[in-house]
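Given chain V's structure and the hints, the job is docking chain S onto it.
Protein sequence lines correspond, in order, to chains V and S. The opening residue of the first sequence carries number 1 in full-length UniProt numbering; numbering runs sequentially from there. The opening residue of the second sequence carries number 1 in full-length UniProt numbering; numbering runs sequentially from there.
One thing to keep in mind: the hints can contain errors.
[Stated by the list, open to error] Not close to chain S: a few residues of chain V, all C-beta gaps over 10 Å, as computed:
{"#": "1", "residue": "E114"}
{"#": "2", "residue": "D115"}
{"#": "3", "residue": "H143"}
[To be verified] Straight-line C-alpha distance at most 20 Å; calculated SDA-like pairs for lysine to any residue:
{"#": "4", "chain 1": "V", "residue 1": "K51", "chain 2": "S", "residue 2": "L181"}
{"#": "5", "chain 1": "V", "residue 1": "K86", "chain 2": "S", "residue 2": "C79"}
{"#": "6", "chain 1": "V", "residue 1": "K23", "chain 2": "S", "residue 2": "R171"}
{"#": "7", "chain 1": "V", "residue 1": "K61", "chain 2": "S", "residue 2": "I177"}
{"#": "8", "chain 1": "S", "residue 1": "K12", "chain 2": "V", "residue 2": "Q52"}
{"#": "9", "chain 1": "V", "residue 1": "K86", "chain 2": "S", "residue 2": "E227"}
{"#": "10", "chain 1": "V", "residue 1": "K51", "chain 2": "S", "residue 2": "M13"}
{"#": "11", "chain 1": "V", "residue 1": "K86", "chain 2": "S", "residue 2": "E232"}
{"#": "12", "chain 1": "V", "residue 1": "K86", "chain 2": "S", "residue 2": "F78"}
{"#": "13", "chain 1": "S", "residue 1": "K29", "chain 2": "V", "residue 2": "A31"}
{"#": "14", "chain 1": "V", "residue 1": "K51", "chain 2": "S", "residue 2": "E2"}
{"#": "15", "chain 1": "S", "residue 1": "K29", "chain 2": "V", "residue 2": "Q108"}
{"#": "16", "chain 1": "S", "residue 1": "K27", "chain 2": "V", "residue 2": "G30"}
{"#": "17", "chain 1": "S", "residue 1": "K129", "chain 2": "V", "residue 2": "G30"}
{"#": "18", "chain 1": "V", "residue 1": "K86", "chain 2": "S", "residue 2": "E80"}
{"#": "19", "chain 1": "V", "residue 1": "K23", "chain 2": "S", "residue 2": "A169"}
{"#": "20", "chain 1": "V", "residue 1": "K48", "chain 2": "S", "residue 2": "K129"}
{"#": "21", "chain 1": "S", "residue 1": "K110", "chain 2": "V", "residue 2": "V60"}
{"#": "22", "chain 1": "S", "residue 1": "K256", "chain 2": "S", "residue 2": "R210"}
[As the list claims (entries may be wrong)] Cβ pair distances, simulated, as ranges:
{"#": "23", "chain 1": "V", "residue 1": "P128", "chain 2": "S", "residue 2": "D480", "range": "30 to 40 Å"}
{"#": "24", "chain 1": "V", "residue 1": "E114", "chain 2": "S", "residue 2": "E80", "range": "14 to 24 Å"}
{"#": "25", "chain 1": "V", "residue 1": "P128", "chain 2": "S", "residue 2": "K486", "range": "30 to 40 Å"}
{"#": "26", "chain 1": "V", "residue 1": "H143", "chain 2": "S", "residue 2": "K187", "range": "44 to 54 Å"}
{"#": "27", "chain 1": "S", "residue 1": "S476", "chain 2": "V", "residue 2": "E43", "range": "43 to 53 Å"}
{"#": "28", "chain 1": "V", "residue 1": "P128", "chain 2": "S", "residue 2": "A108", "range": "19 to 29 Å"}
{"#": "29", "chain 1": "V", "residue 1": "D115", "chain 2": "S", "residue 2": "P485", "range": "45 to 55 Å"}
{"#": "30", "chain 1": "V", "residue 1": "H143", "chain 2": "S", "residue 2": "E2", "range": "21 to 31 Å"}
{"#": "31", "chain 1": "V", "residue 1": "P128", "chain 2": "S", "residue 2": "R145", "range": "49 to 59 Å"}
Since the hints were made in silico from the structure, they are not lab data. Ideal Cβ positions, reconstructed from N, Cα and C, are used throughout, including at glycine.
One-letter residues, chain by chain:
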Amino acid sequence: MAELRTQLGEDDDEDEPEYVQFKVILLGDGAVGKTSLATRFCEDHFAKQYKQTIGLDFFVKRVVLPGDVHVCLQIWDIGGQSIGGKMLSNYIYGSAAVVLCYDITNYQSFQHLEDWLFLVKRTFDQTPMPYTALMGNKVDLAHIRAVKVEKHSQEEGLFLQGLHSFRRALRCRMAWAASLSTVYIVICYGRDALGSSTFHHVAL
Amino acid sequence: MEYFRQANVRDKMEAMLTCWCQTQNTKYKQGLNEVLAPFLNLQVPLSGETDEGRTPAKDDEVFDLFAAFVQHYAPFFFCEEFVPLQCAFIFFRRLLLYHCPQLQNFFAEKGVTPDMFCMPWFLTLFASKTPMRLTVQLWDRLLERGEQHFFMFLALAVVIKAEQTILQAERSALPEILTSLGVFSVKEMESLWSFAEELVMQTPATFMSRVRRIVLHPEEKELPQLERLEKEGVFFIFPEEVVGHCYPPRPGEALKPWQPPPSCTWRLLLLDLRPAAEFEAMRLPAAVHFDAAARFPQSSWSGRKAALFTKGSSAPESSEVLDALKETLGENWLGDDQAHICLVGRSEESWLLRAMYTVLTSELSLRHISVASGGFEAVLKFAQKYSYDIVQQERWSPVGAFDSVLRPRAGPSAASLAAESAAVAAAAAEGAAKKLSSGLSLLANLSAKREEGKTEKATTPAAAIPKLIDRPGNWSPEADMSQLPKLFQKDLQSAFWHYNDCIALIVRPPNAMCPELTNRGLQGCKSVLAIQHGQLLCAKVLGEELSLLAKFDVRMLVRGLSSLARPMTAKVLYFSGAEKVKSFVFALQAARKARPPAKPPQKPGPLGVPAFAQEVVAQRLSSEGPMLQEQAAEQPKDGALPDSPKAHEQQADGQAERPQDGAVPDSPKANEQQADEQAEQPQDGAVPDSPKANEQQEQGERPKDEAVPDSSKADQPKVPGKDAEDILDG
Numbered sequence: 001m002a003e004l005r006t007q008l009g010e011d012d013d014e015d016e017p018e019y020v021q022f023k024v025i026l027l028g029d030g031a032v033g034k035t036s037l038a039t040r041f042c043e044d045h046f047a048k049q050y051k052q053t054i055g056l057d058f059f060v061k062r063v064v065l066p067g068d069v070h071v072c073l074q075i076w077d078i079g080g081q082s083i084g085g086k087m088l089s090n091y092i093y094g095s096a097a098v099v100l101c102y103d104i105t106n107y108q109s110f111q112h113l114e115d116w117l118f119l120v121k122r123t124f125d126q127t128p129m130p131y132t133a134l135m136g137n138k139v140d141l142a143h144i145r146a147v148k149v150e151k152h153s154q155e156e157g158l159f160l161q162g163l164h165s166f167r168r169a170l171r172c173r174m175a176w177a178a179s180l181s182t183v184y185i186v187i188c189y190g191r192d193a194l195g196s197s198t199f200h201h202v203a204l
Numbered sequence: 001m002e003y004f005r006q007a008n009v010r011d012k013m014e015a016m017l018t019c020w021c022q023t024q025n026t027k028y029k030q031g032l033n034e035v036l037a038p039f040l041n042l043q044v045p046l047s048g049e050t051d052e053g054r055t056p057a058k059d060d061e062v063f064d065l066f067a068a069f070v071q072h073y074a075p076f077f078f079c080e081e082f083v084p085l086q087c088a089f090i091f092f093r094r095l096l097l098y099h100c101p102q103l104q105n106f107f108a109e110k111g112v113t114p115d116m117f118c119m120p121w122f123l124t125l126f127a128s129k130t131p132m133r134l135t136v137q138l139w140d141r142l143l144e145r146g147e148q149h150f151f152m153f154l155a156l157a158v159v160i161k162a163e164q165t166i167l168q169a170e171r172s173a174l175p176e177i178l179t180s181l182g183v184f185s186v187k188e189m190e191s192l193w194s195f196a197e198e199l200v201m202q203t204p205a206t207f208m209s210r211v212r213r214i215v216l217h218p219e220e221k222e223l224p225q226l227e228r229l230e231k232e233g234v235f236f237i238f239p240e241e242v243v244g245h246c247y248p249p250r251p252g253e254a255l256k257p258w259q260p261p262p263s264c265t266w267r268l269l270l271l272d273l274r275p276a277a278e279f280e281a282m283r284l285p286a287a288v289h290f291d292a293a294a295r296f297p298q299s300s301w302s303g304r305k306a307a308l309f310t311k312g313s314s315a316p317e318s319s320e321v322l323d324a325l326k327e328t329l330g331e332n333w334l335g336d337d338q339a340h341i342c343l344v345g346r347s348e349e350s351w352l353l354r355a356m357y358t359v360l361t362s363e364l365s366l367r368h369i370s371v372a373s374g375g376f377e378a379v380l381k382f383a384q385k386y387s388y389d390i391v392q393q394e395r396w397s398p399v400g401a402f403d404s405v406l407r408p409r410a411g412p413s414a415a416s417l418a419a420e421s422a423a424v425a426a427a428a429a430e431g432a433a434k435k436l437s438s439g440l441s442l443l444a445n446l447s448a449k450r451e452e453g454k455t456e457k458a459t460t461p462a463a464a465i466p467k468l469i470d471r472p473g474n475w476s477p478e479a480d481m482s483q484l485p486k487l488f489q490k491d492l493q494s495a496f497w498h499y500n501d502c503i504a505l506i507v508r509p510p511n512a513m514c515p516e517l518t519n520r521g522l523q524g525c526k527s528v529l530a531i532q533h534g535q536l537l538c539a540k541v542l543g544e545e546l547s548l549l550a551k552f553d554v555r556m557l558v559r560g561l562s563s564l565a566r567p568m569t570a571k572v573l574y575f576s577g578a579e580k581v582k583s584f585v586f587a588l589q590a591a592r593k594a595r596p597p598a599k600p601p602q603k604p605g606p607l608g609v610p611a612f613a614q615e616v617v618a619q620r621l622s623s624e625g626p627m628l629q630e631q632a633a634e635q636p637k638d639g640a641l642p643d644s645p646k647a648h649e650q651q652a653d654g655q656a657e658r659p660q661d662g663a664v665p666d667s668p669k670a671n672e673q674q675a676d677e678q679a680e681q682p683q684d685g686a687v688p689d690s691p692k693a694n695e696q697q698e699q700g701e702r703p704k705d706e707a708v709p710d711s712s713k714a715d716q717p718k719v720p721g722k723d724a725e726d727i728l729d730g
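Pulled out of the complex, with its shape left as it was, chain V reads as follows:
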C-alpha cells in the first residue's frame, strides 16, 4: 500500500492582504441623505427614490491607501429615526469615525446635529472622541439653500469642507477618500496628530 499524502488548501483568504478595519457611522436627521452617501460611496450609484432606513443598514468598502495600506470600512448607516438613546449608544460605540450629516435645504436638520453630537459625546464620555466630520448634503439644491456656507465653516471651525450632493459622484468619492486617509492617520498616529478640535475635515 503506497504512502499517501493529502494536501489541503485552507480558506481562500490566504492570498488576500490583511485589512485594517474601521467602523464609520453616519448620523443625522431623517432624509438628509445618509443612505445616499453610503451607497454612492460603496456601490457607486444613486437611488432616485427615497427609501427610509429602518434601524440600521450596513455597507462595506475596501480601499487601498497610499503605502499599500488596505483598509476595510464598515459603514453603519443609522436610520434617522432610530429608536431609544440606549440602542443608539450601542451603535455609536466603538466607531472610529462619525460623519454628521445634514441637508443644506433644511435648517432644522443642521440644528439637530447638536443633539446627534451630544449622543456621540455621551457614548464616548471620558474616552477620546472618534474622528468627526460634518457633511452638508444636497448642494445641487443650492438655490434653496437654508444653511449658509459660513455657518457650516463656522461650525466646523477649521476649513471649508465637503458640501456634497451625492448626485455628483466624483466629489463624493474624493471626499470619502480624503476623509478616509484622515481616519487612518488619526488611528495610527494618535488623535493629537490632528489637533484636539472636535471637527476635522479635509479640504477638497
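Chain S only, in chain V's frame:
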C-alpha cells in the same frame, strides 16, 4: 412601485398617516408608511382578467383596515420610546439561544445584536424588506393564523435557515449579510413558514404568554420592565407549565391551559439541582437529580460568577459539567431532540441556576435549556395546589430513573414499560454473551489480519515514513506549544467523526508562534483529527489533553481538496494507507453534506450493551492488547496508537469493512453508525450474532433518527486499495 410615486397617492398616504397619528395621539414613527402601503395598494385598479366583482377599496375602508391591522398585529407604533420593541429583541435573543445557541453565541462573540437586523422585520412585520406581493401573502397567512407573536418565529426561521452563511461570514461582511436576509420568493416563504410553525411547536408556552404580556400588550410602559427583563438573563418556564409537563392529564379531566396539548412532541426533562438531601426529602416524580453544587464545589461555582464573563477561562470546567451530565442522563440525551431540559433549584440559589444555564447554553451550546421560574418552591406549590403526588422521603437512584423520563409520553403504562425494558435487557445480555464469543473469534481474525498486514508493510521502505517529533514538521522548535488552545479527549466524544492516526506534517501555525512556513522534510507529529460542528479539528495528543493545532471549516476544506495545485498553503496531513485517506475524504464530504451543526448528528442510542458486557469485552481486549500492540509496534504507523479499546474503535470508524471492530461496543454512537451501515448492506452481517445485529434489534423499538445523512452511509469506503487521487477527483 409606480403607483406610490403619484403625487395624489403620496398626499393621500400622508393624510392617512397624519390622521392615524392624531387619532392615536402619538408621533409618526418610521415604518408606518411601509405598513400602510399594502393597504393602499388595494386601490390600485385591477388589470387584466381578475374578477369583475371586486371594486377598488374606498379610502375609509383602507384606513380602517390599516388601523385595525396596526392595532392588532403591529404593536410597536404606540409607545414613544419603543420599549416593547426593545423587550422583543431581548425575547428574541433568548429564543435564538433556546433553539440555536451556537448562532446566538456567535453573534455575542462578534458583537452583533438581533436589533441590528430584526428591527425592520419586527416593526413593519416584514413589509419593509419584502416585495409587496409577498408581504400581502405573508400577512394573509398571519391573519389566518391569528397569533400576534408569530412574526418572531418567522424572523427566527429566517436567521436559522441562513445559519451556515452567517457562521462563515467574514467579520466585516457579517452585518451586511444579516441585513440582507429576508423573504424573497413564495417558495422561500412557504418553507420558512412551516419551519416557523415547527419552531412554535418546539417552544414552551411560557414564552408566548410572556411575549403577549410584556411585548404585545404592555400594561406598564416604563423602562424598569426593560431592565428587569435584561437582568433575568435566562429562558424562564412558569411553574405551571413545568407541572403540566411533569404530570399527565388525569383521565376525565379537561385539559388545563397550562398543560401541553396532546400534539406536543417534546418532553420536559426536569433537572433538579438541589442538594441530595432536599431532593430525597421532596421532589417531583419526573425529576432527575443533578447535584451541581456537590459535584462542583461551591467555590468553583461562585468563582464562576466572576469568571462567567471572561471567555475561554472556564472551558475545561464546562466540559466537566458536560461529562457529569452525560453520566447522569446517559450518553445519548444530547442527541435527543425531544427532550428539553428545565433546570430547577432552590429559589435562593438563583446564581447556581444562572451559572448552570450559562454553562449549558453559552459555553456548551446546548439547545432547549430553560429554567423554572420561582425555583423548586414555586413548582412544588403549584403541584400541591392541584394535589399532584409529590415523591417524599425516597432514596434517589439514578439507575433507570431517566429512562422513564426520556421515554416518549405516548408510551405504554409504567408497568409494561418496566417489563419491556427488562425483556430488552435480558435480550441484550444474551446477545452480549454471544457477541463475546463471536468477539473472540473476531479478535483472532484481527490478529491474523495484522499478521498479514505486517508482512505487507514490511515491504514498504521505512524511509517514506515521517519522523515523529513533538510538533508539526514546519513549526519552529522554539514555538511554545503550551500556548495552544487545549481540548480534552472527552470533548471529542460528541464529534461526528474521530480519527487518531494521522501525522501532521505541515500546519499553518498561529501567527504569533512562527510567521513562516518552512518545510523541514518529512517530520511531523501524530495528531488526532475530528470533525465536530462542521469543523475539522487537528490536535496533538498529550495524555488526556489535546493541544489544538488547527481548526478548519469543513466546507472550505472540501473546496480546497479539489485544488491540489495549491501547495503548502495550510496543511499537509499524512496518512499511512489509502483506506485512511479515503475514509477521511468521505467523512469530510459527509460532514459537508450533513445538516448544519445546529444538530450534530447524534442518535438517541438507548441501552446499548449492558455495562458488564462492555467491561468483559474491554478486559478481554486489554489482555489481548499487548499482543496487538507488539505487532503494531513493528508497523511504524500503528506503533503510536494508544493502547485503549476506544482507540481501536475510533480507528474502526474509518474502516467499517473490518468486522472485528464491532466487538468493542464502547461508544454507542459508533456502534449505531455501523448498525446503520449494516442495515444497508446485509452481506456485512456475516457474523450473525454480532453486536451490530443486536443493536439493530434494539433500535427497532424506537423511531430511527435520520440525523446521519444518507451520504455518510453511502459514501463509506467499501473498495479498498483505491488510489487517493481517484477519490479526490470523484
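Quick rundown of the hints versus the structure:
Non-interface status of E114 (chain V) relative to chain S is upheld: no Cβ of that chain comes within 10 Å, the nearest being about 20 Å off. The claim that D115 (chain V) is not at the interface with chain S holds, since no C-beta of that chain comes within 10 Å of its own (minimum 16 Å). With a closest Cβ-Cβ approach of about 22 Å to chain S, H143 (chain V) is found to remain outside the 10 Å limit, as its non-interface label requires. Straight-line distance between C-alpha atoms of K51 (chain V) and L181 (chain S) comes to about 18 Å, which keeps the hinted pair within the 20 Å bound.
In summary, the hint linking K86 (chain V) to C79 (chain S) is supported, as the alpha carbons are separated by about 16 Å, within the 20 Å threshold. The suggested pairing of K23 (chain V) with R171 (chain S) holds, with an alpha-carbon distance near 12 Å, which does not exceed 20 Å. Under the criterion of a C-alpha separation no larger than 20 Å, the hint pairing K61 (chain V) with I177 (chain S) is consistent with the structure, at around 14 Å. Distance restraint check for K12 (chain S) and Q52 (chain V): the Cα-Cα separation of roughly 18 Å lies within the 20 Å cut-off, and the hinted pair is therefore satisfied.
The hinted pair formed by K86 (chain V) and E227 (chain S) meets the criterion: a straight-line CA distance of about 11 Å does not exceed 20 Å. In summary, the hint linking K51 (chain V) to M13 (chain S) is supported, as the alpha carbons are separated by about 15 Å, within the 20 Å threshold. Distance hint between K86 (chain V) and E232 (chain S) is fulfilled; the C-alpha atoms sit about 19 Å from each other, no more than 20 Å. Of the supplied pair hints, the one linking K86 (chain V) and F78 (chain S) holds, its CA atoms being roughly 19 Å apart against a limit of 20 Å.
Only pairs whose Cα atoms come within 20 Å are accepted, and K29 (chain S) paired with A31 (chain V) is accepted, the gap being roughly 14 Å. A hinted pair counts as satisfied when its Cα atoms are at most 20 Å apart, and K51 (chain V) with E2 (chain S) qualifies at roughly 14 Å. At most 20 Å may separate the alpha-carbon atoms for a hinted pair to count; K29 (chain S) and Q108 (chain V) meet this at roughly 18 Å. Simply put, K27 (chain S) and G30 (chain V) have alpha-carbon atoms about 14 Å apart, close enough for the 20 Å limit, and the pair holds.
As the CA atoms of K129 (chain S) and G30 (chain V) are separated by approximately 18 Å, the hinted pair is consistent with the 20 Å bound. For the hint pairing K86 (chain V) with E80 (chain S), the CA-to-CA distance comes to about 14 Å; that is within 20 Å, so the pair holds. Between K23 (chain V) and A169 (chain S) the alpha-carbon distance is near 17 Å, which keeps this suggested pair within the 20 Å criterion. A threshold of 20 Å between alpha carbons decides the hint, and for K48 (chain V) with K129 (chain S) the separation of about 18 Å falls inside it, so the pair holds.
Of the supplied pair hints, the one linking K110 (chain S) and V60 (chain V) holds, its CA atoms being roughly 16 Å apart against a limit of 20 Å. Note on K256 (chain S) and R210 (chain S): the hinted pairing holds, with a Cα-Cα distance of about 18 Å set against a maximum of 20 Å. In this structure the supplied range 30 to 40 Å holds for P128 (chain V) paired with D480 (chain S), their Cβ-Cβ distance being about 35 Å. In this structure the supplied range 14 to 24 Å holds for E114 (chain V) paired with E80 (chain S), their Cβ-Cβ distance being about 21 Å.
The hinted range of 30 to 40 Å is satisfied by P128 (chain V) and K486 (chain S), whose Cβ atoms lie roughly 37 Å apart. Taking the beta carbon of each, H143 (chain V) and K187 (chain S) are about 50 Å apart, inside 44 to 54 Å as hinted. For S476 (chain S) and E43 (chain V), the hinted distance range of 43 to 53 Å is satisfied, since their beta carbons lie about 45 Å from each other. Between P128 (chain V) and A108 (chain S) the beta carbon distance is about 26 Å. The supplied range of 19 to 29 Å therefore holds.
Judged by the Cβ atoms, the range 45 to 55 Å given for D115 (chain V) and P485 (chain S) holds: they are separated by roughly 46 Å. Take H143 (chain V) and E2 (chain S): their Cβ atoms lie about 29 Å apart, and the range 21 to 31 Å holds. Against the hinted window of 49 to 59 Å, the Cβ-Cβ separation of P128 (chain V) and R145 (chain S) comes to about 51 Å, which satisfies the hint.
Every hint from the earlier list agrees with this structure, and none is contradicted.
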